[in-house]
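A.B. asks: Chains A and B supply the protein sequences, listed in that same order.
So the first sequence is numbered by this note's numbering: it starts at 1 and just counts up by one.
So the second sequence is numbered by this note's numbering: it starts at 1 and just counts up by one.
If you are wondering where the hints come from, they were derived from the structure by calculation, not from laboratory data.
Incorrect hints may have been included.
Some chain A residues well away from chain B (every beta-carbon gap over 12 Å; in silico) [what the hints assert, rightly or not]:
hint, residue
1, I52
2, Y66
3, L152
4, Y242
5, V272
6, M332
Subject to a maximum C-alpha distance of 27 Å in a straight line, what follows is the list of computed DSSO-like cross-link-like pairs (lysine-lysine) [unchecked claim]:
hint, chain 1, residue 1, chain 2, residue 2
7, B, K93, A, K126
8, B, K186, A, K259
9, B, K93, A, K239
10, A, K259, B, K193
11, B, K13, B, K365
12, A, K127, B, K68
13, B, K68, A, K239
14, B, K146, B, K185
15, A, K129, B, K93
16, B, K182, A, K259
17, A, K127, B, K149
18, B, K68, A, K126
19, B, K265, B, K193
20, A, K129, B, K68
21, B, K185, A, K259
22, A, K129, A, K259
23, B, K149, B, K182
Each pair of labels, with its calculated beta carbon distance range [stated by the list, open to error]:
hint, chain 1, residue 1, chain 2, residue 2, range
24, B, D7, A, T252, 30 to 36 Å
25, A, V255, B, N171, 35 to 41 Å
26, B, R204, A, V7, 35 to 41 Å
27, B, E23, A, S141, 32 to 38 Å
28, A, V196, B, E209, 45 to 51 Å
From the three backbone atoms N, C-alpha and C, an ideal C-beta is built for every residue, glycine too.
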Amino acid sequence: MKLRDFVLRRIILAIPVVFGVLTITWFLSYIVGDPITMYITERTPDAAIPGIRAAHGLDESPVVQYFIYLSNLFQGNWGVSTSTGADAPVLELLAMKFPATIELAIVAMIFAIVLGIPLGIISATKKDKVQDHITRIFALSGVSMPIFWFGLMLKYLFFFQFSQWGLPYLPGGDRYNIRRFSYEPTTGFLLVDSLVFEHNVYMFTDALVHLIMPGFCLGYITLAIITRMMRSSMLEVIKEDYITLARSKGLTERVVIYKHALRNALIPTVTVIGLAFGGLITGAVLTETIFNWPGLGRWAVRAILNADMAAINGFTLLVAFIFVIANFIVDMIYGVLDPRIRYG
Amino acid sequence: MTTTPDDLVLNVKELYLNFYTYEGTVRALDGVNMFLRRGDTMGVVGETGCGKSVTAKSILRLVEAPGKIESGEILLYDKDQETGQIQEIDIAKLQQEEMLGIRGNKISIVFQDPATYPNPVFRVGDQISEVIELHQDLSLDVLNMKIAKLELSLSASTTSENRAEIEEKINYYKQQLDNPPKPDKKSKREAAKLKAIEMLKLVRMPAPEQVANQYPHELSGGMRQRALIAASLACNPSILICDEATTALDVTVQAQVLMLLNQLKKEIGSSIIVITHDMGVVAETCNWVNVMYAGVTVESCATLELFEKPIHPYTAGLLTAVPKLHEDRDRLPQIRGTVPNLITPPSGCRFHPRCDYATKICKEKKPLLEEQKPGHWVACHNPLNS
Ligand SMILES: Nc1ncnc2c1ncn2[C@@H]1O[C@H](COP(=O)(O)OP(=O)(O)OP(=O)(O)O)[C@@H](O)[C@H]1O
Ligand code: SF4
Ligand SMILES: [Mg+2]
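Input sequences plus hints: build the corresponding full structure.
C.D. replies: What follows is the structure, given as structure tokens:
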């Protein structure tokens, strides 16, 4: 019961957030440019323009236009993207591009969490020892290295040099080996499709191998942030009185750290993880460019360069949704980790 | 200080401990001596910063870097449950791994602040059963638990075959009672939980079953302190250290908890060290007192004796600072001066800059703790009342 109330409340709270984002993006795009440019070319006769304007409701007052936009949104009409060559509905394009990006972001997140949390713990428990120094240098590089440079270096080493040296090398781009496999998307998630729908283990492993480099490249910053957050919250927590109490019970250092301290230290780290996930989606632009990844990031950049307002609004809305969902999941995890906020 | 070790459980001898900080070496303990007899409740008193908590933590070897025991002995007289033989263990020389079996099992501690000592993310019952599971064998408890469960289902079941089957099982378990098998982890955990509830009952916790499933933030300060006491008593420790265990509670709860401790002491057979600022607490609960000043034991004797005829000038000062009900004074007398900085402590007797009886030798030579009268140890060159 409590859980249901909690979920309901979170959903109700999310509605104004999504509406806010929606309104602000629409308003910004309204003042930035005349949307009519999306529907005409240089060869459109001047006389036809008022007709086109009326056809799209662009001669109405801004308020009416806003409501037209809203009603279209709810009917699944997110506008038409004009920057992709052949004009296509935004919603369709998002559905097509989204899985590639989400798959990459999830892999990046797994890298970041699976490596970041243990590294943070080691760094804190071996404070000022060699392990700590190495971890901190590693984390500092993560937050200070430009991602495009890091991606290129990864590619240079693990793709180019390794192949030069005759070592097994990682693929330099794409989601799968296009010469070996042909892929008809079902869900669009390559890992899911290859395994569940095509029962093709080779394709699955191939897809995994293709995810390693871009996944790590994209996740490195988040990995660094999680490591640093975990280290500092762990250092805070092991000074707490309840850790002294745990030691006074005769528990081994392992149990003290991994049971009593970890659970408490995870609470602030989880917040960072939630926020970072949204950032991974928007941050995927550079990684997707370097590794020729057919995802949302590259598509959104092209939309921005072409002032493709429908596409930009659609992308922004989607990212807002992801932020809301990520924060929702974070709140759920909070409730599991910390009994004090369970009913809050 | 020496007495026959037969009736001792703990004997701390000439304990020295430093903290190596950036500002310099803090000479926090500079000759702590205390012994605890079986069944006694000993008070440790002294102004703030005199090293009471550090002493308590040293006894459990919980002092962390930059703190280091320099010299001295912390002798634990551990009575073997079966043979009754007494074994002497010097805690000061043990490795950290060797301490694990002593902490929470033979010596346990209750700290001052019930708000910050329980782990906020675990259930109260689990925090108690954790220590039980860690130190106790529980094979007998598991067996008894299984039998009790079967007996319950026996009274519920009706068909005769069913009953026969259950009875057979009960008999099978009962045969094992003399030599119970090692329980599996899951049933051990379950038995530990039941025992945790027993412990909560023992500390007179209202609604113990319910409290066991609650989180610390859902309890009041007094209830939390009771839960902490329950955890610390769960393994029948021979020594229970209460480091200002009642200071954070309001006066009525404080009295309740102290009374409870003295009752439990008899039920469990522990000896207690009560660390406090409060002379009233000492008078009510302790039969022996150890007075510390700036990391040094300055006086040690029976409570009555201390209140009636203190010998050390510092103790005398402490006692005049205690307000009495029938007195009518505008200001409480205080010992003049302040607690010294332990990085550059005063030479000789550490109390000399504040002492009204100080003479030349006090600055030059550190007084040793000596038995001035039978059963009354004092470290002073110019003892009072003698
Ligand atoms: N981690 C530490 N680093 C440096 N000095 C310390 C540390 N812990 C304690 N000390 C010093 O050791 C001395 C004794 O401290 P302790 O906590 O034992 O005092 P206390 O008698 O328990 O006081 P209170 O009555 O306030 O609890 C103090 O002078 C303190 O400054
Ligand atoms: S030794 Fe001297 S200074 Fe110290 S308490 Fe005794 S009289 Fe005072
Ligand atoms: Mg203290």
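A.B. asks: Does each hint fit the structure? Answer for all of them.
C.D. replies: Hints versus structure:
no., hint, verdict
1, I52, "holds, 61 Å"
2, Y66, "holds, 46 Å"
3, L152, "holds, 44 Å"
4, Y242, "violated, 4 Å"
5, V272, "holds, 18 Å"
6, M332, "holds, 16 Å"
7, B:K93 - A:K126, "holds, 24 Å"
8, B:K186 - A:K259, "holds, 18 Å"
9, B:K93 - A:K239, "holds, 25 Å"
10, A:K259 - B:K193, "holds, 18 Å"
11, B:K13 - B:K365, "holds, 20 Å"
12, A:K127 - B:K68, "holds, 19 Å"
13, B:K68 - A:K239, "holds, 18 Å"
14, B:K146 - B:K185, "holds, 14 Å"
15, A:K129 - B:K93, "holds, 26 Å"
16, B:K182 - A:K259, "holds, 25 Å"
17, A:K127 - B:K149, "violated, 50 Å"
18, B:K68 - A:K126, "holds, 19 Å"
19, B:K265 - B:K193, "holds, 23 Å"
20, A:K129 - B:K68, "holds, 19 Å"
21, B:K185 - A:K259, "holds, 17 Å"
22, A:K129 - A:K259, "holds, 23 Å"
23, B:K149 - B:K182, "holds, 18 Å"
24, B:D7 - A:T252: 30 to 36 Å, "holds, 34 Å"
25, A:V255 - B:N171: 35 to 41 Å, "holds, 39 Å"
26, B:R204 - A:V7: 35 to 41 Å, "holds, 40 Å"
27, B:E23 - A:S141: 32 to 38 Å, "holds, 35 Å"
28, A:V196 - B:E209: 45 to 51 Å, "holds, 47 Å"
Consistency with the previously given hints fails for numbers 4, 17, ordered from lowest to highest.
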